[in-house]
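A.B. asks: Take a look at the letters that make up each chain.
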Amino acid sequence: MHVRPRRFPSPRELVLRAGPLAAICVLCATTPADTPQLLAMLADWASVVVAALPYVVLGTLTAMTLRRFHARGHLAVCMLAICNPGCDCALNGFADALSHADPSLAGFVLTFAAIASPVSLAVTYAALGPHMTVIRLFGAAVAAALTALAWRVMPTRAMQGHHACDVAADPPHVLATALVGVLCAAAAAAAGKQLLPPQFFLHVSAAAIAATGALLSPCSTADPFMAASLLRDARDQAAFVVAAQGASVRQILLLGRSFGVARSIVATLSCAIACAAAVCVA
Amino acid sequence: MTGAIAFEPHGHMLVAAPAPVTACTAAILIVVAFRGAPARSIQFALVCGALAGSCVVSAGAPAVRDVAAHAPRGHAADDLFDALDALDADPRAVEHREISVSGTWLPPRGGWPAAVSRRIMTCCAADAVDIGFDVVPRGEVHLRAGSWVRVTGLVHVTLRDGDIRYEIAGATVTPP
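Each protein sequence line maps, in turn, to chains A and B. Numbering of the first sequence is given in our numbering, commencing with residue -18 and proceeding in unit increments. Numbering of the second sequence is given in our numbering, commencing with residue 45 and proceeding in unit increments.
Derived from the structure by calculation, the hints contain no laboratory data. Ideal Cβ placement from N, Cα and C applies to all residues, glycine included. Treat the hints with caution; some may be incorrect.
Unchecked claim - Here are a few chain B residues that sit away from chain A, every Cβ distance over 12 Å (derived from the structure):
#1 T66
#2 R79
#3 G97
#4 H140
#5 E142
#6 S144
#7 S146
#8 I175
#9 R182
#10 E184
#11 V201
#12 D205
#13 G206
#14 A213
#15 P219
#16 P220
As the list claims (entries may be wrong) - Pair ranges (Cβ atoms, derived):
#17 A/T46 to B/H186: 52 to 62 Å
#18 A/H154 to B/D126: 49 to 59 Å
#19 B/P62 to A/R133: 49 to 59 Å
Next up, chain B with everything else stripped away, as it sits in the complex:
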């Protein structure tokens, strides 16, 4: 399974480690396994692992589920995180102003508005956190969840469930 994820072009979305590291680990484990178990059972395990790894990789990294509104310190520089940092530092300076950010699109779901977000992954897909803005589009948006978009609109600060959230209202949502 490790080897399948290492050699799959989209496998890097599941772990933060480079593919050579993952592939080397797979190679070491195969060598150690061959030393400790009968060859036939190892061959069976390799086939099952490759099948499982391929299925996992074809499913891809988990989709965006819920979006947090505050970027952690030490993040990479980009328009969306910079905008969130500016809002956290001084909301009044940015509120009711027009901003333009890029990220992954998430349509409205379960009573929650649409969102544009970026994923921060430290170690693996399981610890990934999606950070971004709620979006209230100007009109209908017919984009698939997970599409890369650019959202332009006015920033509003809202309160939901006791948590401060940042919303881009009257937004135009366009593919890059």
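Excised from the complex, chain A in its bound form:
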């Protein structure tokens, strides 16, 4: 009987596994009781991660199931990514499934789905009304089209990243890489929320609001309510909702992981142009 030798994890994997666990243990053991800001930051971080996990798991399992039964066809994956009933966190699984598809198609689908998923449009309609919902759709279409166009003309060797070969097909690896992005995005959102002064949004431009939205917004179902509560101007709200998912930390890490740093940067710039377009029509 052939016994497959156990694969010893690489130093990088050991650091990725042991580092966060050690940090949590040290933090739990040494955090003084009178640090409300630090505890609030930790609670925010944990809430974002735990809230995202069901969608990450569901999206990953769905995409892997589709990939297994439609090994060469990406149409089903694309349609399900755009129409997925969950939030943008589910795209972590679809990104891996689309990493072998046509780059321009993958860029269009992942950008559009991040900004204008059905649930995010429904929540935008409920919180901000039909006009802002149309603007969000417009911003998503512009960002997706620009991303697809840019990725089509980029050279193939720009396709760096961890999925250049077929090694990332097992669920533990796919989930682990997806979770790394969620953990980093959650940390950025929690830190930004605690460090920004109150009434910050009253004194900044639409560009700064878009950048803040990309940093702060934890979920595509949350940014419409955040925009409705924190912002008064329709242009500021348009910039916030388009940038909050199209250029978020999670989206940048997702695209960088699956399609390379260069394509991730180009997609972020496309989203910035789409934000400007949305502000103009708002």
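We have chain A already, so just place chain B on it with the hints.
C.D. replies: Using the frame of chain A, we list chain B on its own:
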């Protein structure tokens, strides 16, 4: 950590998802992790995660920090949001009238007046927004921040930092 938050009675304050959804996700992740890593490291990770989750839950959801004055559309019906909607629709019809609203108490802090608010949470505690009124009490109020109170007083419309804010002046603040 996910499992600890799911099974803690106060864990629902950190995420909007029901506890069974969170618990099922935790179970799936544990099964997947056991398939992909040595059992000993998974056991260590489970202990650390449970410890971290318990610490996070015992700290609770972040306290009210600053209160916005405008309720978003599509909110659940209750006295505080209904009052804000009425003010947004026609401030003159409500200004200088007496209203009574219930919500979470926030004492004065950093130059800002006290406030009564309700939290809207769509996805998780990080995206939660506190919506409510500034409060100028009639006398001293010795209630802990986060207490559930009923505030009764006259509504005034004020301007602070270029933003319209609604204030309940001469207010009586009482536990329900």
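A.B. asks: Would the non-interface assignment of B/E184 survive a Cβ cutoff of 12 Å against chain A?
C.D. replies: The claim stands: B/E184 keeps its Cβ more than 12 Å from every Cβ of chain A (closest is about 24 Å).
A.B. asks: Just checking, B/P220 versus chain A, shortest CB gap more than 12 Å?
C.D. replies: holds (25 Å)
A.B. asks: Could you check that no beta carbon of chain A comes within 12 Å of the beta carbon of B/G97?
C.D. replies: violated (7 Å)
A.B. asks: Is the claim that B/S146 lies outside the interface with chain A correct, judged by CB distances over 12 Å?
C.D. replies: Correct as stated: the minimum Cβ-Cβ distance to chain A is 19 Å, above 12 Å.
A.B. asks: With 49 to 59 Å as the target window, see if B/P62 and A/R133 comply at their CB atoms.
C.D. replies: violated (43 Å)
A.B. asks: Using the C-beta atoms of A/H154 and B/D126, is the stated range 49 to 59 Å upheld?
C.D. replies: With Cβ atoms ~51 Å apart, the hint holds.
A.B. asks: For B/I175, is the shortest CB-to-CB distance to chain A above 12 Å, so the non-interface label stands?
C.D. replies: violated (6 Å)
A.B. asks: Holds or violated: is the Cβ of B/R79 farther than 12 Å from all Cβ atoms of chain A?
C.D. replies: violated (6 Å)
A.B. asks: Verify that the Cβ of B/R182 lies farther than 12 Å from every Cβ atom of chain A, and report whether the claim holds or is violated.
C.D. replies: holds (26 Å)
A.B. asks: Taking 12 Å as the cut and beta carbons as the points, is B/G206 off the interface with chain A?
C.D. replies: Its Cβ does come within 12 Å of chain A, the nearest being 6 Å, so this is violated.
A.B. asks: At 12 Å, judged by beta carbons, does B/P219 keep clear of chain A as stated?
C.D. replies: holds (23 Å)
A.B. asks: Regarding the assertion that B/A213 does not contact chain A, is the least Cβ-Cβ distance greater than 12 Å?
C.D. replies: B/A213 clear of chain A: closest Cβ-Cβ about 21 Å, beyond 12 Å.
Against the hints set out earlier in the document, violations occur for numbers 1, 2, 3, 8, 12, 13, 19.
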